[in-house]
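Visitor: The primary structure of each chain is shown beneath.
There are 2 protein chains.
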Amino acid sequence: MGGGQLARMSAAPATALGIDFRVLAAEPEESAAQVIHDVVLGRHDDMEALRRLADGCQVVTFDHEHVPPAHLEQLEAMGVAVRPGPSALFHAQDKVHMRQALTDIDVPCPRWRVVEALDHVEAFAEEVGWPVVLKTSRGGYDGKGVWVVDDAPAAADVLSVPLPAGAQWLAEERIEFVQELSAQIARSPHGQAVAYPVVRTVQANGICAEVVAPAPGLGAERAVEAQELALRIARDLNVTGMLAVELFDDGQRLYVNELAMRPHNSGHWTIEGARTSQFENHLRAVLDLPLGSPAAVAPHAVMVNILGGDVPDLYSAYRHVMARDPGLKVHLYGKEVRPGRKVGHVTVVGNDLDDLLARGRHAADYFTGAIDE
Amino acid sequence: MGGGQLARMSAAPATALGIDFRVLAAEPEESAAQVIHDVVLGRHDDMEALRRLADGCQVVTFDHEHVPPAHLEQLEAMGVAVRPGPSALFHAQDKVHMRQALTDIDVPCPRWRVVEALDHVEAFAEEVGWPVVLKTSRGGYDGKGVWVVDDAPAAADVLSVPLPAGAQWLAEERIEFVQELSAQIARSPHGQAVAYPVVRTVQANGICAEVVAPAPGLGAERAVEAQELALRIARDLNVTGMLAVELFDDGQRLYVNELAMRPHNSGHWTIEGARTSQFENHLRAVLDLPLGSPAAVAPHAVMVNILGGDVPDLYSAYRHVMARDPGLKVHLYGKEVRPGRKVGHVTVVGNDLDDLLARGRHAADYFTGAIDE
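From first to last, the protein sequence lines are chains Y and V. The first sequence begins at 1 in this note's numbering and counts up one residue at a time. The second sequence begins at 1001 in this note's numbering and counts up one residue at a time.
Keep in mind that the hints were calculated from the coordinates and are not lab data. Only a predicted model underlies this, so the values are computations on that prediction, with no experimental measurement involved. Note that CB positions come from ideal geometry on N, CA and C, so glycine has one too. Any given hint might turn out to be false.
According to the in silico footprint, chain Y covers these stretches of chain V (three or more CB under 8 Å from chain Y) [as the list claims (entries may be wrong)]: (1) 1049-1055; (2) 1102-1114.
For each label pair, taking beta carbons as the anchor points, the in silico distance ranges come out as [claimed, not checked]: (3) Y/Ile371 - V/Ala1295: 22 to 30 Å; (4) V/Gln1058 - Y/Asp352: 32 to 40 Å; (5) V/Gln1058 - Y/Val161: 42 to 50 Å; (6) Y/Arg52 - V/Asp1142: 26 to 34 Å; (7) Y/Pro312 - V/Ala1070: 35 to 43 Å; (8) V/His1066 - Y/Met47: 27 to 35 Å; (9) V/Cys1057 - Y/Ala298: 34 to 42 Å; (10) Y/Arg111 - V/Gln1058: 26 to 34 Å; (11) Y/Asp20 - V/Val1114: 45 to 53 Å; (12) V/Pro1108 - Y/Gly327: 30 to 38 Å; (13) Y/Asp236 - V/Gln1058: 46 to 54 Å; (14) V/Glu1221 - Y/Asp352: 38 to 46 Å.
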């Protein structure tokens, strides 16, 4: 369900494994619909379209979190295998539900509170200190629906924004992190799970800019702690498929920031950097097949997002980028370039992290037009 | 042109690079037509179908060698970029033409002669000794169109087989090889070329069974000799795209057996085992983009073909094969299982060649039903 780049990048392992793969896309121009043979056109909130998608499918799964839970429950009632199931997925759809569930199972989170008005935010800020993070419980992505507010007037401005349908305001303590991490696992219905190396994610303006695998300077114990946390969350919330647990690391402790129950931007490096990509393991997991090895194939991998810039024609960068770096791997999503939009990514794997970072950043900057040599 | 597994496996890099990729397939059930979005249905010898394929394409290239040269010349005359060009491709379509061209540029070949009748074969055998290899100059593949004959009566039987249209009989010296090799290169129209590690190929009944990269025990000097031979052939015959040069190694010298101007079974290991797969470099080469690194990503890679056996449903092997070996990579082609037909392959990469061989062979044998545990 969903025709974005995650569905698009799932096509390669589906083809390799001989798995018939159908995508629901709203428009024929969507990223995945351009390349996948079997496309069902329709909206993700149109029950009739979801039924057409599911007809003849063994399993349905997701490119995004936006399918209404009630629709998914209807599909399940019709006997369709929905993975992850709607009750698990709801934790990735509603941040208040997620915070409550994680708090109930003693997973460390930033302090949080549902707020309805400015005085609630002020009371919360008195406990945790300014700045405070304000989020809409539903409908946010890539930094949208999240604000960091320094004081009461700023909070008042944010609260004047109309809430999406069914959403609440969520106030959270702002964690002074030394780095952000992502712990990805795959889990199958019969309970097998594998944990990928924990990665560092670097955000810019709320959007993932860069991923370094494994996270530098994390230490084996902290990495295992993050993996165990993700495995525990997956088990306790009954997640199937890929789960990404985004974490704040304040140098002392880890705190869960967000959950995503699908392949995730923080795992794009696995296409070249791991024995089994997140896209393949997502398919294997939701089909209840034995999972593939998540082991890294090289000491380091760096993924840098190509964010839309001034150059509308990404292909024009190919001669320069490919000639300069024959080891670089390019992934474009077939999306129209718009400022700040994720339109592709590059990955480099190897032994020398500084070299990989320089190469990955150079290529991404050249694609966007930020540099011209 | 062509909807087989080579086109199918080209879809992944075309998608990653955002290259619009169209395939000509005779039937919608063909391997590539099942998974690629943009399918033109038609036969490879139907000029009208070739025109429909080429309409709007920047470049056309090949999944197989069977498109009539005259058709390709017509396309070129219409301004279509055909890569490799028909005059280069003809060397891979007609073995007599290939032998003559290689002999003209002093590339070592088994001794050869065009023969029309039994007495020609007998005269040739008197020079080179029995057994003699008899081939049809056109239309053979996967061991079809090739016979090893021990004596004159056996040769007479072969010569009674009707020749394909336009074909001649070619007699060749049988090389007592210690191993068969494949040297693959990619070459672009502007003349850039890269050489992949030289691999050992193991044939069974004339069909490639197994590939080991790099070829064990080949020694650096011989490997470079094979690479230089392939690079020279590509340059002198003006090949663009991937070229596979199949070689006999008799322990002393190398002899060219066959040429293929497309991605080749001996390069399937590059999907996981090389920085840039043969499928990606074929696309980059025919589009005249800078080529990707052909370097291996691990000390050894082993590819074992899944040849059709007794088990019609390959998917039924997944639970066992995947649970037993989480590092194994499986590629199925979506083809109906028929005895001896190439229906998929498995690849393993790593440090311990014996371990890789055992794992790859086990998985392939399990898929075909030769073993059941």
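Visitor: Take the hints in turn and mark each one as holding or not.
Guide: Results of checking the hints against the structure:
Coverage of a stretch by a chain is defined here by at least three residues with a beta carbon nearer than 8 Å to that chain's beta carbons; for the stretch 1049-1055 of chain V and chain Y the count is 0, and the condition is violated. With 0 residues having a Cβ less than 8 Å from any Cβ of chain Y, the stretch 1102-1114 of chain V misses the three-residue criterion, and the hint is violated. Between isoleucine 371 of chain Y and alanine 1295 of chain V the Cβ separation comes to about 26 Å, which falls inside the hinted range of 22 to 30 Å. For glutamine 1058 of chain V and aspartate 352 of chain Y, the hinted distance range of 32 to 40 Å is satisfied, since their beta carbons lie about 37 Å from each other.
With their beta carbons about 47 Å apart, glutamine 1058 of chain V and valine 161 of chain Y fall inside the hinted range of 42 to 50 Å. For arginine 52 of chain Y paired with aspartate 1142 of chain V, a C-beta distance near 41 Å fails the hint of 26 to 34 Å. Restraint check, proline 312 of chain Y to alanine 1070 of chain V: a C-beta distance of roughly 41 Å satisfies the suggested window 35 to 43 Å. For the hinted restraint 27 to 35 Å between histidine 1066 of chain V and methionine 47 of chain Y, the CB-CB distance of approximately 48 Å leaves it violated.
One distance hint, 34 to 42 Å for the beta-carbon pair cysteine 1057 of chain V and alanine 298 of chain Y, holds here, with the actual separation near 36 Å. A beta carbon spacing of about 57 Å between arginine 111 of chain Y and glutamine 1058 of chain V contradicts the range 26 to 34 Å that was offered as a hint. For aspartate 20 of chain Y paired with valine 1114 of chain V, a C-beta distance near 48 Å keeps the hint of 45 to 53 Å intact. A beta carbon spacing of about 33 Å between proline 1108 of chain V and glycine 327 of chain Y agrees with the range 30 to 38 Å that was offered as a hint.
Taking the beta carbon of each, aspartate 236 of chain Y and glutamine 1058 of chain V are about 52 Å apart, inside 46 to 54 Å as hinted. Remark: the range hint 38 to 46 Å for glutamate 1221 of chain V to aspartate 352 of chain Y is contradicted by a beta-carbon distance near 30 Å.
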